[in-house]
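Enquirer: Below are the chains, spelled out letter by letter.
2 protein chains.
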Amino acid sequence: MHARHPTIGVFDSGFGGLTVLKVLLELVPDADYLYFGDTARLPYGSKSVETVARYAVEAAHYLEGHGAELLVIACNTATALALERITAAAHVPVVGVVEPGAEAAASVSKNRKVVVLGTEATVSSHAYRKALEARGLDAREKACPLLVPLVEEGWVEHSVTEQVARIYLDEAFADGFRDADALVLGCTHYPLLKPLLHRVAPSHVSIVDSAESTARAVAEQLRSLLPASPAIREERRARPRLKFFATDSVEKFRRLGERFLGRAIEDVRHVDLKE
Amino acid sequence: MHARHPTIGVFDSGFGGLTVLKVLLELVPDADYLYFGDTARLPYGSKSVETVARYAVEAAHYLEGHGAELLVIACNTATALALERITAAAHVPVVGVVEPGAEAAASVSKNRKVVVLGTEATVSSHAYRKALEARGLDAREKACPLLVPLVEEGWVEHSVTEQVARIYLDEAFADGFRDADALVLGCTHYPLLKPLLHRVAPSHVSIVDSAESTARAVAEQLRSLLPASPAIREERRARPRLKFFATDSVEKFRRLGERFLGRAIEDVRHVDLKE
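Chains A and B are the protein sequences, given in the same order.
No gaps in the numbering here: position 241 of the first sequence is 241 in the working numbering, and each next residue is one more.
No gaps in the numbering here: position 85 of the second sequence is 85 in the working numbering, and each next residue is one more.
A hint or two may mislead.
Repeated chains share a single entry, so a pair holds when one copy, or any two copies, can fit it.
[Claimed, not checked] Once the Cα atoms are required to be at most 27 angstroms apart in a straight line, the calculated DSSO-like pairs of lysine-lysine come out as: (1) Lys22 x Lys252; (2) Lys252 x Lys130; (3) Lys142 x Lys252; (4) Lys194 x Lys22; (5) Lys142 x Lys22.
If you are wondering where the hints come from, they were derived from the structure by calculation, not from laboratory data.
Generate coordinates for the entire structure from the input sequences, incorporating the hints supplied.
Expert: Next up, the structure:
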């Protein structure tokens with residue numbers, strides 16, 4: 001790995017992984033970044049293990065081929081369904097979003113009971129439940145298939161979204177999970193709903209953002225490698241080194257992606273994985 | 001074409017096209033049917049022309065290779081973005097959903113003003129507006145990206161869906177289109193929302209279901225070919241000849257598909273288009 005400026009490859013089915021990249025740019029500004037959004041085949045959340053694994057391995061190879069020295073699977077569905085397959089297929093270290101999310105939940109939950117929100121595929125895989133049970137916590141996983149389209153519609157503070165979130169959370173924080181005290185955002189679209197979810201979730205609940213936890217885990221892993229000079233970090237923070245690849249429309253990636261990344265997206269290249 | 005029992009290939013990105021197949025089974029029970037759902041790559045509604053055209057042509061070739069003598073593109077997005085490309089690539093007649101939908105709207109609209117609901121991609125293509133303007137009608141197209149996920153969540157009679165539909169319809173039937181008197185369902189998921197849309201749309205509005213209009217157009221095209229014997233038709237209606245192909249999970253196709261088709265789905269085969 002390049003000691004001063006490692007190249008980090010960030011992968012997602014679409015735009016959500018940009019919430020991970022956003023925190024990475026804050027915590028590890030020294031790195032160069034490649035972001036791959038498989039927007040032609042999104043969403044992964046409703047697809048099967050086989051399909052998601054095949055797509056994710058193709059994307060991982062693409063990023064490696066373009067110089068990534070560390071891969072961040074910034075997609076809960078791809079992590080939940082295919083992290084082992086990606087790790088086996090890759091020649092560089094791979095970090096997923098589930099373990100960091102579970103670790104953060106374990107560190108904040110006093111009641112040892114956690115609710116996890118995710119896509120249908122993430123929930124069906126029970127990846128979060130396994131990771132949380134391995135840490136001695138009880139978990140209830142709740143599939144929330146409408147939240148991604150609501151975020152993509154831009155309705156992050158809309159009354160309809162609030163009602164939908166309330167329905168999902170009422171179902172999740174019921175019966176044996178009334179006293180759950182951590183809520184894991186198990187999808188990288190959900191950080192955009194954090195203010196709304198803070199209002200809707202029971203007041204005793206801490207929200208764990210798996211995007212943020214993952215960026216922290218990556219920062220921790222790279223800490224010894226990177227220059228400590230605050231001047232360099234500030235310079236990079238102002239002008240990060242970013243390249244984007246998208247399998248569907250570049251124009252759309254730019255437009256929708258800016259909402260997730262919170263800054264302008266410039267250098268986007270179209271990729272056809274069949275080439 | 002086989003005179004007594006032509007094989008009709010029906011294609012959609014996922015499940016919505018089953019609403020077209022449902023009406024076809026009623027109107028043309030004598031035919032054999034192949035249904036192809038490109039569920040690994042759905043939804044098409046938010047993707048670009050290039051991507052949708054490539055996917056749709058692959059599916060058309062697959063159906064032809066399995067004996068389809070007539071192709072029904074039972075997907076508004078694929079029709080709107082790629083009908084010409086599909087027709088050029090196919091060796092059999094191809095019927096899309098846009099022209100039959102526009103024709104039906106033209107025949108019911110007295111004010112010559114029509115509102116069309118569709119996915120983002122269908123609306124951006126302006127395929128409906130062009131088809132309606134060619135018939136001397138004014139059209140307003142309204143993208144409704146939340147309706148497909150709401151239908152797939154099964155919330156076809158939910159208060160949230162009603163609010164979302166009200167927001168979309170209020171925006172569509174505004175200003176110069178207050179007196180529009182036809183509402184075209186320009187997505188094959190929407191027929192499941194017909195009862196709800198009847199309640200929410202202004203009372204003077206006729207709803208035009210492009211799925212139904214397309215099935216009628218196919219029936220018309222095949223009328224001279226098919227046996228008139230009511231006994232044969234009844235027998236086939238009770239036991240239609242159906243084969244399904246899906247690019248994602250077969251189990252999920254069966255489960256979700258039954259909601260759209262209104263009958264049990266049995267013979268589903270998994271297809272990997274990269275094979």
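Enquirer: Which numbered hints does this structure break?
Expert: none
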